[in-house]
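K.L.:
Start from the sequences, fold in the hints, and give me the full structure.
Chains A and B supply the protein sequences, listed in that same order. Just so you know, the numbering used here puts 381 at position 381 of the first sequence, and the rest follows in order with no gaps. Just so you know, the numbering used here puts 1031 at position 31 of the second sequence, and the rest follows in order with no gaps.
Simulated from the structure, these hints should not be mistaken for lab results. Note that the coordinates shown come from a computational prediction; the quantities given were computed from them, not determined experimentally. Every residue, glycine too, gets a C-beta built ideally from N, C-alpha and C. Zero decoy hints are in this set.
Result set (DMTMM-like, lysine to aspartate or glutamate): computed pairs, CA atoms no more than 25 Å apart in a straight line:
#1 B/K1153 to B/E1093
#2 A/K83 to B/D1314
#3 A/K175 to B/D1426
#4 A/K309 to A/E114
#5 B/K1027 to B/E1099
#6 A/K175 to B/D1352
#7 B/K1343 to B/E1093
#8 A/K309 to A/D454
#9 A/K62 to A/E74
To list a few chain A residues with every Cβ distance to chain B over 12 Å, as calculated:
#10 S115
#11 R365
#12 V468
#13 I475
#14 A486
#15 A490
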Amino acid sequence: MTAMSNAAGFPILSLITWLPLVGCLVMMMVRGDEQTVASNARWTALWTSLLVFILSLVLWVKFDPSDAGFQFNEHVAWMPEYKVGYSMGVDGISVLFVLLSTVLTPICILASWESIQTRVREFMMSFLILETMMVGMFAATDFVVFYMFFEGVLIPMYLIIGVWGGPRRVYAAVKFFLFTLTGSVLMLLALIAMWLHAGTTDIAVLMHTTFPIGMQSLLFLALFASFAVKVPMWPVHTWLPDAHVEAPTAGSVILAGVLLKMGAYGFLRFSVPMLPDASATFAPFMFTLSVVAVIYTSLVALAQEDMKKLIAYSSIAHMGVVTIGIFTINVQGISGALFQMLSHGVVSAALFLVVGVVYDRIHSREIARYGGLADRMPAYALVFMLFMMASVGLPGTAGFVGEFLVIVGALQVNFWLALLGGMGMILGAAYMLYLYRRVIFGRITRDDLRNILDLSPREWVVFAPLIVLTLWMGIYPSSFTSYFDATVGAMVQHHTAALAATTKLAGNVIMSVGH
Amino acid sequence: MNWTLALPEIVLACVGMATLIFGVLRKQDSTLLCTMFTIGGFLIAGLLVLTGTSGFGFHGQFVADPFSAFNQILILSGAALSSILALGWNRSEGIARFEFPVLMLFSTVGMMIMASASNLMTLYMGLELQSLALYVLAAFARDNLRSSEAGLKYFVLSGLASGLLLYGISLVYGFSGTMDLASLHVLLMNPASASAGLVVGIVFVLVGLAFKVSAVPFHMWTPDVYEGAPTPVTVFFATAPKVAAMSLVLRVMGTSFASLLGAWQILVVVMSIASMLLGALAAIGQTNIKRLMAYSSIGHMGYALIGLAVGTADGVRGVLVYMVIYVFMTAGTFGCIMAMRRKGRAVETISDLAGLASNDPALAMVLALFMFSLAGIPPMSGFFGKLYIFLAAVQGGLWTLAIVGVLTSVIGAFYYIRIIKVMYFDAPAERFDPRPASLSFVVAATGLFTGFFFLFPAPIVAAAQAAAGVLFK
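P.N.:
And the structure:
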């Protein structure tokens, strides 16, 4: 465990985490007619989230990639009688997710500039609260603090889907809430069991605590219940298509971009390092579920009539690749999973924005409703194509690197795993190209599509950073992988050592029984 | 004698009698003044409790210790919040009479005696003083059929429970020869002295007390009484008497009968599981929000009982923290329910809340906060209550209770978030009438406590720890 160090010189993580709430307070102060309040809320939210983004760049600059432990640490006593502290810190695994959250939030706010017209202030407040919860969850280095942020995400997201969503929003919001909560409460029991066993909830200490093997399996299953719902893994993924279809564009963007990463992040932060034996035991189980997810949801995506639903199913398939990578527990696999999470965070977010563009104009997400958009919206077609190719995994885009690394990692485990996991890329190409053809090419048949407008300057501003990121991650991936190389290396090493210790222990027992 | 230990109770009782005489002699309406005197009495009693010393008084019949102090402060807070809420309500319902605060005050005296009882006889006296005042309060809106029904129902069923309790006490006395809680504890250290008759007596005592905390299967009265009684009385029912009864259960079971844990633990486990399940399942179909809160409170008592079932200091600490959090969030929720008035009439179905977020964003936000807290979603206080309880349960190895507990809290979350759904997702109904400032004050104060408990859990937990430590020396 590294010493308490904070390269920034001030509590940067707490600042990034809590600053959005200050924005909320400012919004609550505003008085005036609805128009004033709305425009004020939009600008306050935008500036707050931009400020948070700029501050989070400090992490990007000052982070020391050669250090595998937690950096920018903060600690305040909180529940002293149980040695629970409010502690924050980021390591190679979490630092880029903090940045992903702070990048996507201003984009979401900008994307809902015109499409959200009712109760604008409440919407912007929900988004800023959501940013607090997301950043806090990635930055927490205490299990209890992590849990509070992890569950706290439910509150703003429930409102975002339920208040500003589509026609079946109530069903989708309640389903989202209850699915996630069921998983979370089981994690709470695991958290308590680990807490009582180790006497602390400090994540760095827990990572080096050895739990008895029988206990590990139960803990793994309890954590699995929570993280698998969040990822989501097949067969507990059914909430996701509903939530995506009903959520407003910005809600889908943040859901696909960041919220789905919470589950995979949980596996990487807790299950793999803290429960090494159980992770090894359950790896085949996880592979099976992931492979089913990759192939099954890809096929389902192929049959979708609704654009958002199609992208939602493709998200499940892509996250299946992530879980394969995580449980290969080798350097390539985990690096690939992390990269895939980041690239999916950017690309799927962008794809939901792409759908949002035409939805704002025509108010339909039905694929058959469109066709021939290339004639009227050449710039849109270009942007769509870039993200479509990135989603398919074209070399030179963000999507390629992650999938490639995961397949390399999977090959070291099992050829069939790599082959079946790789099927996702082929099927992905099928459903994405099919979608693209139906929406963009062909002839315009409907009148309202004849005078549809191309991307507005605001939409360009929304897409520009995502385009840059997609290409940057594809062309020069090592500027991202270098952030987590050290941490992933240490994690794999720790895992191998822990497994070796168990085997040795078992060997000793057998030897002593033999004597 | 050492009667100064009972100074808070004595002062409070004197304030009550003085207020009663003042109210009778004064010609004009004196409700406001009497309420002020009552709240003043609560404040003075609270200060006396905080500054008082510990020890036994009245020949060991009465005890003042950190445990009684903790519960008495909580009882006084619940009673004070209810009397503030009652001010505006009684006036608009036309039942504003000076007897109301006075009855509340005497009931509170009874509860404080319950918290301080160190003898089964004192316990019974406190309980009866409390109950007698509560019967009248439940039927206070005497021209209202439902209120009279609530009063009568509570009177009959509570009388039955008191009878069972008294019978249990007599058995315990008959088989052990003492009614003193400390002597019982010493006596039962020797397993041979736990005769079958004594165990039967303990079961009867437990049943009588379970009725007062409305644990399943002794909960039948709760929904009807909660629904029928005037809402400020419901607030009172849901807060202070629950604390008093729970403190009795903890003290009697946790000290005197602690060494027989093996005999009664299973009863508490069953009651706890049944209460959690019923609280979660029966509330789903409710349309009346007061009835829903009745089932909700049954469920919450189920969670609190987990701490008792564990039978350790950590368990009791969990219960105490839970009760603090429960009292404030329940009082706040009922405060919001009392704000539901249209054209001068109270409305109480859930659909009346439709679209509250557009009509009255502040009220909707606070009620949503209470609902998330009741559901146990962090960072609201309700989460911490459950956290400490489950922590104790896992520590005590009661995995069944912990698992049933978390799963029922998911089921419970369904109806809590349904209320949020009605407020935020549905089309707006008519606006509510403007609400009195006293109500806004209570709702804001309890809302702040519930929303920001996570910033300062340490002092309350430390106080609960000190209180629980008294029982387990």
